[in-house]
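**Student:** Sequence:
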Amino acid sequence: MRFPGLRSRLKPVAGGRYWEERLKLTLKAVVAASVAWLVARYLVGHPQPYFAPLAALLGVYPTVAWSLTESLAYGAGFAVGAGIAIPVGLLIGPNTFGIAVVLFVGMMIAGWRRLGDQSPQVAFTALFALLFGGHQVVDYVWPRLGDVGIGLAVGLAVNVLIFPPLYVRRGEYAVAEVRGTLSDAMETLAEYVVEPDEWGPVWDERQSWLVTVQ
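Residues in the sequence shown are numbered from -14 upward in steps of one, following the working numbering.
FYI, nobody ran anything at the bench for these hints, they're computed from the structure. Among the hints, a few may not be true.
To be verified - Here are the in silico distance ranges between beta carbons for each label pair:
| hint | residue 1 | residue 2 | range |
| --- | --- | --- | --- |
| 1 | R7 | G30 | 16 to 26 Å |
| 2 | P32 | E5 | 34 to 44 Å |
| 3 | I147 | Y27 | 37 to 47 Å |
| 4 | G78 | R2 | 35 to 45 Å |
| 5 | Y3 | G68 | 35 to 45 Å |
| 6 | V29 | G96 | 14 to 24 Å |
| 7 | R98 | Y27 | 31 to 41 Å |
What the hints assert, rightly or not - In silico SDA-like links for lysine to any residue, alpha-carbon gap of 25 Å or less:
| hint | residue 1 | residue 2 |
| --- | --- | --- |
| 8 | K9 | L39 |
| 9 | K9 | T48 |
| 10 | K9 | L53 |
| 11 | K9 | G134 |
| 12 | K9 | E55 |
| 13 | K9 | Y35 |
This structure is a prediction, so every number in the text was calculated from the model and none was measured. Cβ coordinates follow ideal geometry from the N, Cα and C atoms, glycine included.
Please construct the entire structure, taking both the sequences and the accompanying hints into account.
**Tutor:** Here is the structure:
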């Protein structure tokens, strides 16, 4: 015997809410990247500010705290990577030995856990700056540091001002997940009462799920 109405009454329809939040996040990312490019290109005057829109994307996460954490980590990783590339570029240059040095130092420093998911940025920036900057690495790095700063600032500003993140969303999703688990368990329990032999193993599985939401 099935109870088709039980699940629909208890389980919320979360698909619409997910795509609504996804659309908002996407629009903010597009606006942030575009504005960062315009500011760096036309207001500041950098001819190729490609790091500005890239950095702006890191300021657009579901919560402001998350955005700030990733932005600071990215900025720190970029600055450290540039700091590695400058002496290597000036003293060694963009050759095989120089590449080996920046990669070794960059990847070792990338093990610093405080950089989190942005740790690979250290080695990437160091190698990128060395190869494109060469012996003039300082002249290459300084404008890019400015682009990164512009991008991070614009991304955070857009995230706060356009569709401000609501901290209750994570709680809503957690409650929705719990309600979904409970609805599955109650439906299985109803089946178990009617047909215990057939639904006994399924009910045992649902009981293990309930333990995880206590």
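**Student:** Any of the earlier hints contradicted here, and which numbers?
**Tutor:** 1, 3, 4 and 6
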